[in-house]
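Visitor: Residue numbers (UniProt numbering), protein chains in the order written: chain A, 1 to 361; chain B, 1 to 361; chain C, 1 to 361.
Check each hint, because a few of them may be wrong.
[As the list claims (entries may be wrong)] So, partial list: chain C residues that the calculated Cβ filter (under 7 Å) puts toward chain A:
#1 A239
#2 T244
#3 P254
#4 F267
#5 S344
[Said to hold, decoys possible] In silico EDC-like pairs for lysine to aspartate or glutamate, Cα to Cα no more than 20 Å straight-line:
#6 A:K332 to B:E295
#7 C:K301 to C:E133
#8 B:K201 to B:E137
#9 B:K181 to B:E327
#10 C:K271 to A:E331
#11 B:K271 to C:E295
#12 A:K345 to B:D149
#13 A:K323 to C:D328
#14 A:K271 to B:E302
#15 A:K338 to A:D328
#16 A:K345 to B:D328
#17 B:K345 to C:E312
#18 C:K345 to A:D178
#19 C:K323 to B:E327
#20 A:K271 to B:E295
#21 B:K195 to B:D328
#22 A:K338 to B:E312
#23 B:K323 to A:E295
#24 C:K323 to B:D328
#25 A:K338 to A:D149
#26 C:K271 to A:E295
#27 B:K338 to C:D328
#28 A:K323 to C:D149
#29 B:K271 to C:E302
#30 A:K323 to C:E331
#31 C:K345 to A:E188
#32 C:K338 to A:E312
#33 B:K332 to C:E312
#34 B:K345 to C:D149
#35 C:K323 to B:E331
#36 C:K332 to A:E302
#37 C:K195 to C:E295
#38 A:K332 to A:E188
For the record, the hints were derived by calculation from the structure and aren't laboratory data. Note that CB positions come from ideal geometry on N, CA and C, so glycine has one too.
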Amino acid sequence: MPLKKPHNGLQNGDGSHEKDSRHFGNGSQQQNMDLNDHEGEHNLPSVLEVSNDSPVVNGIGSSLANGSLNLHSTVKRKLDGEKDYVFDKRLRYSVRQNESNCRFRDIVVRKEDGFTHILLSSQTSDNNALTPEIMKEVRRALCNASADDSKLLLLSAVGSVFCSGLDYSYLIGRLSNDRRKESTRIAEAIRDFVKAFIQFKKPIVVAINGPALGLGASILPLCDIVWASEKAWFQTPYATIRLTPAGCSSYTFPQILGVALANEMLFCGRKLTAQEACSRGLVSQVFWPTTFSQEVMLRVKEMASCSAVVLEESKCLVRSFLKSGLEDVNEKECQMLKQLWSSSKGLDSLFSYLQDKIYEV
Amino acid sequence: MPLKKPHNGLQNGDGSHEKDSRHFGNGSQQQNMDLNDHEGEHNLPSVLEVSNDSPVVNGIGSSLANGSLNLHSTVKRKLDGEKDYVFDKRLRYSVRQNESNCRFRDIVVRKEDGFTHILLSSQTSDNNALTPEIMKEVRRALCNASADDSKLLLLSAVGSVFCSGLDYSYLIGRLSNDRRKESTRIAEAIRDFVKAFIQFKKPIVVAINGPALGLGASILPLCDIVWASEKAWFQTPYATIRLTPAGCSSYTFPQILGVALANEMLFCGRKLTAQEACSRGLVSQVFWPTTFSQEVMLRVKEMASCSAVVLEESKCLVRSFLKSGLEDVNEKECQMLKQLWSSSKGLDSLFSYLQDKIYEV
Amino acid sequence: MPLKKPHNGLQNGDGSHEKDSRHFGNGSQQQNMDLNDHEGEHNLPSVLEVSNDSPVVNGIGSSLANGSLNLHSTVKRKLDGEKDYVFDKRLRYSVRQNESNCRFRDIVVRKEDGFTHILLSSQTSDNNALTPEIMKEVRRALCNASADDSKLLLLSAVGSVFCSGLDYSYLIGRLSNDRRKESTRIAEAIRDFVKAFIQFKKPIVVAINGPALGLGASILPLCDIVWASEKAWFQTPYATIRLTPAGCSSYTFPQILGVALANEMLFCGRKLTAQEACSRGLVSQVFWPTTFSQEVMLRVKEMASCSAVVLEESKCLVRSFLKSGLEDVNEKECQMLKQLWSSSKGLDSLFSYLQDKIYEV
Numbered sequence: 001m002p003l004k005k006p007h008n009g010l011q012n013g014d015g016s017h018e019k020d021s022r023h024f025g026n027g028s029q030q031q032n033m034d035l036n037d038h039e040g041e042h043n044l045p046s047v048l049e050v051s052n053d054s055p056v057v058n059g060i061g062s063s064l065a066n067g068s069l070n071l072h073s074t075v076k077r078k079l080d081g082e083k084d085y086v087f088d089k090r091l092r093y094s095v096r097q098n099e100s101n102c103r104f105r106d107i108v109v110r111k112e113d114g115f116t117h118i119l120l121s122s123q124t125s126d127n128n129a130l131t132p133e134i135m136k137e138v139r140r141a142l143c144n145a146s147a148d149d150s151k152l153l154l155l156s157a158v159g160s161v162f163c164s165g166l167d168y169s170y171l172i173g174r175l176s177n178d179r180r181k182e183s184t185r186i187a188e189a190i191r192d193f194v195k196a197f198i199q200f201k202k203p204i205v206v207a208i209n210g211p212a213l214g215l216g217a218s219i220l221p222l223c224d225i226v227w228a229s230e231k232a233w234f235q236t237p238y239a240t241i242r243l244t245p246a247g248c249s250s251y252t253f254p255q256i257l258g259v260a261l262a263n264e265m266l267f268c269g270r271k272l273t274a275q276e277a278c279s280r281g282l283v284s285q286v287f288w289p290t291t292f293s294q295e296v297m298l299r300v301k302e303m304a305s306c307s308a309v310v311l312e313e314s315k316c317l318v319r320s321f322l323k324s325g326l327e328d329v330n331e332k333e334c335q336m337l338k339q340l341w342s343s344s345k346g347l348d349s350l351f352s353y354l355q356d357k358i359y360e361v
Numbered sequence: 001m002p003l004k005k006p007h008n009g010l011q012n013g014d015g016s017h018e019k020d021s022r023h024f025g026n027g028s029q030q031q032n033m034d035l036n037d038h039e040g041e042h043n044l045p046s047v048l049e050v051s052n053d054s055p056v057v058n059g060i061g062s063s064l065a066n067g068s069l070n071l072h073s074t075v076k077r078k079l080d081g082e083k084d085y086v087f088d089k090r091l092r093y094s095v096r097q098n099e100s101n102c103r104f105r106d107i108v109v110r111k112e113d114g115f116t117h118i119l120l121s122s123q124t125s126d127n128n129a130l131t132p133e134i135m136k137e138v139r140r141a142l143c144n145a146s147a148d149d150s151k152l153l154l155l156s157a158v159g160s161v162f163c164s165g166l167d168y169s170y171l172i173g174r175l176s177n178d179r180r181k182e183s184t185r186i187a188e189a190i191r192d193f194v195k196a197f198i199q200f201k202k203p204i205v206v207a208i209n210g211p212a213l214g215l216g217a218s219i220l221p222l223c224d225i226v227w228a229s230e231k232a233w234f235q236t237p238y239a240t241i242r243l244t245p246a247g248c249s250s251y252t253f254p255q256i257l258g259v260a261l262a263n264e265m266l267f268c269g270r271k272l273t274a275q276e277a278c279s280r281g282l283v284s285q286v287f288w289p290t291t292f293s294q295e296v297m298l299r300v301k302e303m304a305s306c307s308a309v310v311l312e313e314s315k316c317l318v319r320s321f322l323k324s325g326l327e328d329v330n331e332k333e334c335q336m337l338k339q340l341w342s343s344s345k346g347l348d349s350l351f352s353y354l355q356d357k358i359y360e361v
Numbered sequence: 001m002p003l004k005k006p007h008n009g010l011q012n013g014d015g016s017h018e019k020d021s022r023h024f025g026n027g028s029q030q031q032n033m034d035l036n037d038h039e040g041e042h043n044l045p046s047v048l049e050v051s052n053d054s055p056v057v058n059g060i061g062s063s064l065a066n067g068s069l070n071l072h073s074t075v076k077r078k079l080d081g082e083k084d085y086v087f088d089k090r091l092r093y094s095v096r097q098n099e100s101n102c103r104f105r106d107i108v109v110r111k112e113d114g115f116t117h118i119l120l121s122s123q124t125s126d127n128n129a130l131t132p133e134i135m136k137e138v139r140r141a142l143c144n145a146s147a148d149d150s151k152l153l154l155l156s157a158v159g160s161v162f163c164s165g166l167d168y169s170y171l172i173g174r175l176s177n178d179r180r181k182e183s184t185r186i187a188e189a190i191r192d193f194v195k196a197f198i199q200f201k202k203p204i205v206v207a208i209n210g211p212a213l214g215l216g217a218s219i220l221p222l223c224d225i226v227w228a229s230e231k232a233w234f235q236t237p238y239a240t241i242r243l244t245p246a247g248c249s250s251y252t253f254p255q256i257l258g259v260a261l262a263n264e265m266l267f268c269g270r271k272l273t274a275q276e277a278c279s280r281g282l283v284s285q286v287f288w289p290t291t292f293s294q295e296v297m298l299r300v301k302e303m304a305s306c307s308a309v310v311l312e313e314s315k316c317l318v319r320s321f322l323k324s325g326l327e328d329v330n331e332k333e334c335q336m337l338k339q340l341w342s343s344s345k346g347l348d349s350l351f352s353y354l355q356d357k358i359y360e361v
């Protein structure tokens, strides 16, 4: 099987530009921009590790024609060694973002050739922690990607952390103010976020560059292929922080890891290295950090060359018999969190633990 | 996550004494005793490996006030090196056993701070083999532990074998006498024993110090966390000894190990080392024999510091969708064993195999 | 457990001959032959690796009395070192094939003592690729084996490849001619082939000597024990070749390997080595190529010494709750393939890919 044949000219900038524009924006809003498609932009790792300080571009004023040099790009360029030239050039790609994409605040959405790339890049929380607002953005991006012409979804993160799970300082702040209302609101945000993953029909590839904690680890089995950098690690210390499992991990983790390891993760906060997670089935394959982005991109583009029908129908076959079960589990898990947060006892226990943590840090 | 922060003064002997007494005994029966809480008792491994010759204390005459020196303790004390002092002292714990616990003959039940510790310590069978009577004791202990204030259950064994499964010499003896009656009685004892594990609502941690065979291995997936010593190994040679699977292993083993390995264990008696069992998902983690008890105790106490509600609800989420399925499987498996034992052909096949074994040994 | 005690005189040639004859053929058709039972035939690996150029024996003229020397045997004999003599002699076995068995064209069926041995040995396709005709032969052999007195089934292959999956040149040829009719015919052939594995009640042991691709790998979880040579490897590149999963792999692969690895195999054509397949649960155990056949034969004979009732009832317990689910999955998968093949778009995509492949090779 020619799984790794070189990609030449994968991206036809102009052609797909027109196509994408039709698909994404209304005529009057077509202000596509190209963040990365410069001659000399060989810095592939930037694909998955766009530096966190890149300004959120809102599509006004900075829109440029495809293929032209974008001087305002803040993506860091590393010195390209001569020897990397051919390989990197082969992987060079163009990024097109239309206005609707650029409106996101805590995620970056890139429309690539054949797939949509969502990057967690939180501006309003630390370490890509999840708040109801960020989860809503991801849901919106998933919704867009489900309707567009992309064949699959790539999910990754900006920075050195993939996702640190729920934002606990946010949680404390909100639940302190209005326990009843906020417990419902946050639990429902989690439910809808998880549901969006369960119901997404195209294959989801997730690239884990660093730590994935709590909800950030729990959703991985809802994705289809999980590639991890050697630097990644995984932890779901729900019981330790006085929470019950979320993200369907109470079902998917025992299914994948076996009850013994799943419960050690859920009850004792057992941490898995990338290699452990791979040997136990949570991760498809582990790559060296230095070439992680290239390896992922190569494979994602290979996948995106498959037939859209075959990809979606294959996922449908794999997931069909699981879907309704997962939705039930998700409902139950979020119901339980709501109960926990709306009971003064459950809340006290959570608060005393989390406040200790915050002062400790 | 501060998962391994040192435990200081985990056990408040007097305080918990009062609490336990309220919980366990009636006023007139409060004759608690402390087997291990002595100054100078640093011999932690004894927690899980109480020597087999310790007298079964029945609460009459030998009961002592908490914290006082129990001169009659037969727990072996190894010479404590000076360097281990601090660590061991930190882990020092008090054991309280009330009269009701001490009535057990083939198991030891210890009420610890936040958890109940059941130790298989069979006086009436070799190598902790299971007879209907011993299984009934375990069921009674599980029933007690489900109702008391403990947050979780620790199951381990005294001696060098965890559990050698059904007691075959008992089996032969009984089935020879009255095939019909005894096949029903024994099959029902197994069914109820396994059912007690399926239905137990608090997390069960099991610490496997040595070989776990047959039913002793089959029940592990019904427990929640399985920690094993490097010395442990696992074997379920049901077909080899002319039996069909029990303990829900016909369902849980394929689920956890994959059909290929599960069937090799069930059909061919494939033996798994602790490391193999861990890498394939039957075991959560493997520890060195010399520090096994400490590692387990540290973790169990950490778990017991979690919220009881969170622990029970988490287990409920993990197990809920499995419970009814497991009960069906258990019924079917025991039905099949009953049929096998009550048919002259099945019995002959079993007898000829087992009698060979007994003469061989 | 004495799992590896030496087998002495496992095969009572004459006794079992009579028994087999009664079972398999009508009186007038009893022309049993013995391919391998010669003095001096110690070449055990031949059991699983009969050379591909052995003439298909049709039971006319070449039938010989049991135990006599078959001069026409083309099974390669390697020089037997003196030291191997005892071991090999112990394992010497007689092969009896009656006329009905010998009628197969692309498989070889051997009736052994206690088990039936089916060998893929395709004369009409390369690398043991599967055509509807070959699949029908396997089904017929499974049907025979389910009704005879064998306790289990051993499936292996002749040559260096276990099975290369569907025969794509056959597929192209037929679908080009009559898309509608042939898509139905081939999809139904796959469905019935897979169904025969799902419904087979005796344990199936499969011995993988080399590459197992596509459908040849997908059916492995429908077998009960999977032993692989170190030379074996596994690949199911369905999406890559523009197909949706078959052989229930859309259900069994995620179940056994976890979604992450299963999808990498189904979507990206990830190749698993024998060791990887073993550590992830697809394979029970891996053996060195040089002793592979001996190891398998030893274990199969050991299994065949178990009680037939116990073997069948154990399999029934392990599979019962899965069976109906697997049949549904099989129906859905084949329905999807039919749709794909009968749509001009699906077919074009498949053709363009496969024709590239064929020209490439």
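Visitor: With the threshold set at 20 Å, check whether the alpha-carbon distance from A:K323 to C:E331 stays at or below it.
Guide: 18 Å, holds
Visitor: Take the shortest C-beta to C-beta distance between C:P254 and chain A; is it under 7 Å?
Guide: 6 Å, holds
Visitor: CA of C:K271 to CA of A:E295, is that 20 Å or under?
Guide: With a Cα-Cα distance of about 16 Å, the restraint between C:K271 and A:E295 holds, given a limit of 20 Å.
Visitor: Please work out if C:K338 and A:E312 have their alpha carbons no farther apart than 20 Å.
Guide: 16 Å, holds
Visitor: Hey, C:K323 versus B:E331, does the alpha-carbon distance stay inside 20 Å?
Guide: 18 Å, holds
Visitor: Compare the distance between the alpha carbons of C:K345 and A:E188 with 20 Å, and conclude whether the hinted pair is satisfied.
Guide: 41 Å, violated
Visitor: Tell me if the straight-line CA distance from B:K323 to A:E295 falls inside 20 Å.
Guide: Violated. B:K323 to A:E295 sits at ~42 Å, over the 20 Å cutoff.
Visitor: For the pair we were handed, B:K181 and B:E327, check the Cα-Cα distance against 20 Å.
Guide: 23 Å, violated
Visitor: Would you mind confirming whether the straight-line C-alpha gap from C:K271 to A:E331 stays at or under 20 Å?
Guide: 37 Å, violated
Visitor: If you draw a straight line from the CA of B:K195 to the CA of B:D328, is it 20 Å or shorter?
Guide: Given that 20 Å is the threshold and the Cα spacing comes to 10 Å, the pair holds.
Visitor: Can you confirm whether the C-alpha distance between A:K332 and B:E295 stays at or below 20 Å?
Guide: 33 Å, violated
Visitor: Identify whether the interface hint at C:S344 stands, where standing means a beta carbon of chain A within less than 7 Å of its own.
Guide: Nearest chain A Cβ about 12 Å off; hint violated.
Violated hints for the displayed structure, listed by number in ascending order: 5, 6, 7, 9, 10, 16, 18, 23, 25, 27, 28, 31, 36 and 37.
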